[in-house]
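Peer 1: Protein chains in written order, with our numbering: chain S, 1 to 49; chain C, 1 to 672.
Among the hints, a few may not be true.
[Unchecked claim] Which residues of chain C face chain S? A few of them, derived with a C-beta cut under 10 Å, are:
id, residue
1, V481
2, Y566
3, K575
Bear in mind the hints are in silico, worked out from the structure with no lab data behind them.
None of these values were measured; they are calculated from a predicted model.
Just so you know, even glycine gets a beta-carbon here, dropped at the ideal spot from N, CA and C.
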Amino acid sequence: MSNEKVVKKIVEQVFKIENSKIHLKSINNSLEKSMVTDIIDIIINNTKG
Amino acid sequence: MKITSLIINNFGPFEGTQNIDFSISEKQPITIIHANNGSGKTTLLNSFLWVLFGGYHVKKKEIPNHHYVNSINEGKELRVFVEMKFSHNKNKYTIRRIAKFKKISNIDVDFISDNVSIVYIDENGGSQSPNNVETYIDQNILPEALKNFFFFHGEDAKDLTLPEKVSSAIKNIMGITLLERAEKHLLKAKNHFTKQIDNNAQSNLKEVNSEIDTIDSSISEKKNLISNNEKLISSNKSQKRDIEDKLVGNELTENFQTLLNQHKIEKETLLVKCKLLNESNRNLVSNSSYLLFINDAIKGNLKILKDKRKKGEIPGKIRRILLKDLIEIGQCLCGEDITPKMLKVLNEKKDAAVSQKFENRVAELSNQLMIMAERSGSISINFDSNATNILEHQTRIDELNELVSDLEAKLDGDEFESVADLRTRIKEIEDENEDALVKNTRMSEEISVLSAGILKDLKEKRTVLIKQDSKQELFKIREDVAEAASHYYNDLLNKINDKVRKELTTLFSTTYNNIMISDFEVNINPSFQVEIRKRIDGRIPTESEGQKRVKSLSFISSLISLAKGYFNSNNNFLKGGIFPLVIDSPFGELDPNYQSMISKNIGELAEQVILFVSPSQWTDSVRRELEGNVGKQVTLKYYTTKSREEFLQGNEELQLVGGTEFNSQREKSVII
């Protein structure tokens, strides 16, 4: 898969994660870490050798 | 969201369970709540916010109705609640918040807890009860960050167009926060992969990474400085506008002051002149006034002397010589000889004739009298001239006194800051902005040079080094896609921000110009500052309180309109929503003209409008402009213990304007 397609896929999946928390006025550190971890997993899953 | 009804139970001044219905008509979207001051308007406004978001506007123990507290035994539990029914997105909701208290003395209670529940019936008749109510409300009904845009007191409206509020409103109402968070989280993910590369790097790659970090930090520092400078420039521009507004007023004031000073100086000069003229006249009077009084005598004497000359009585010298000559000749002028009797008479006459000395004195007296007569005339002229001048000066002084008094009245109470000081401040701000701009330009150039030069080289070198290790290469790919995805969100954020800002500007401009019946150029600039200029000359008008109120209401209306447009649209990022407008005292102390303008247009601002008005605001013109759009009118009734009894017996006439009867009850003192 080209990088462009990978980026598009990642953008869509990140949107889902962010949209599920959009109602929150602010995000605390622990929730933010958890969200970033989820995003890292998305990137890893989309870029496996 | 359309609010159907509100049930209030022993909440603040509202005793027992009371119900209020609101108009949900499309054609008549306005509900008017008539209320005197102190009859529970603020509590009612806060009850909307309390049921939706919690939060206490007064001390918790002040919440239960005093009459209710009094009716409960000590040690027992009290429960107060507010329940709101509303429709939203084809669902019908009932939200209820209950607060529990314990009575600890005759007049005191302790707060125990509160909880909120929400139930809704969907379009298929199914019943749903979300668990996390506050989150559900925030996510699905109305974001809490926006509550003050839709439930507010008219006096607070003007602050709603401050740049930070505008920016926050746009972000929250349109869901733009998602994009900001996505970008931020992706950059954190990118840093994670960068760190992985660094952890697995050989010394030469570590060295390159370290150099890149140093340059990145430097660029980041410069970007922060640029951003701070941009904020400073924006804030300075706004401050400059305020000073320029003040300058216009103060220039006028300064002109008045200059004029006032000129008038005062002229008045002082005239007063001095009058004083001198008065002194001059006093001197004339004290030194020479006798001349004025003897003027007639002088003239009389001169006349006598003149007559005597005419008759030949003077000069007397002629007559004496004549008599002497006649005696020597011995003949009369008629040629007859002089008899001894005649001689005797002639000698007597000759001896009686005035002496030369007397003649001289008479001549001298005549001269003196002539001089005095001349002086007397001149004194009179000078005196009259001085008197005329004094009168003229006095008339002008009277005029000046009036002008000075008018100007002092105009200047009275003005906190005056000199125009020169204001211009100096403007100059300082301009200098500071210019300096910030120069610095930003320089730093931007430095960033470009670093990015295109040494940083680019280092990154290329880094890529080459990473490619030598397949494991590292994978980390690099992940780092790159994370960065690319964050850039995607950043670009999208900028585009959407720009799009929303422009759409909002168009709606804002239309509403504002409709209400003002004018042609202003309205703009929300990239720094989210609301700018209003006269289209005809591009000048920024000095805004009255009325204009500020119209500006805020227009802005809120445009937000509501934009959010409605995006509600249920297919746009993933702009979620929108439907919001009511609930305003306590929408007209405040505005002048009648603005009251009429707002009244005429307020029904168009939102799908549902609930207004709290006091009798003084319910003027004929407001009623006339609003009444076509009013679907329901309600009156809050305040009464004391005594009048409550009368009220319950039905003896007191309620002055309802129409619509639903609604009674607020409050005891002036606690009944023991």
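Peer 1: Decide, hint by hint, whether the structure agrees.
Peer 2: Quick rundown of the hints versus the structure:
no.	hint	verdict
1	V481	holds (5 Å)
2	Y566	violated (14 Å)
3	K575	holds (8 Å)
Consistency note: the structure conflicts with earlier hint 2 alone.
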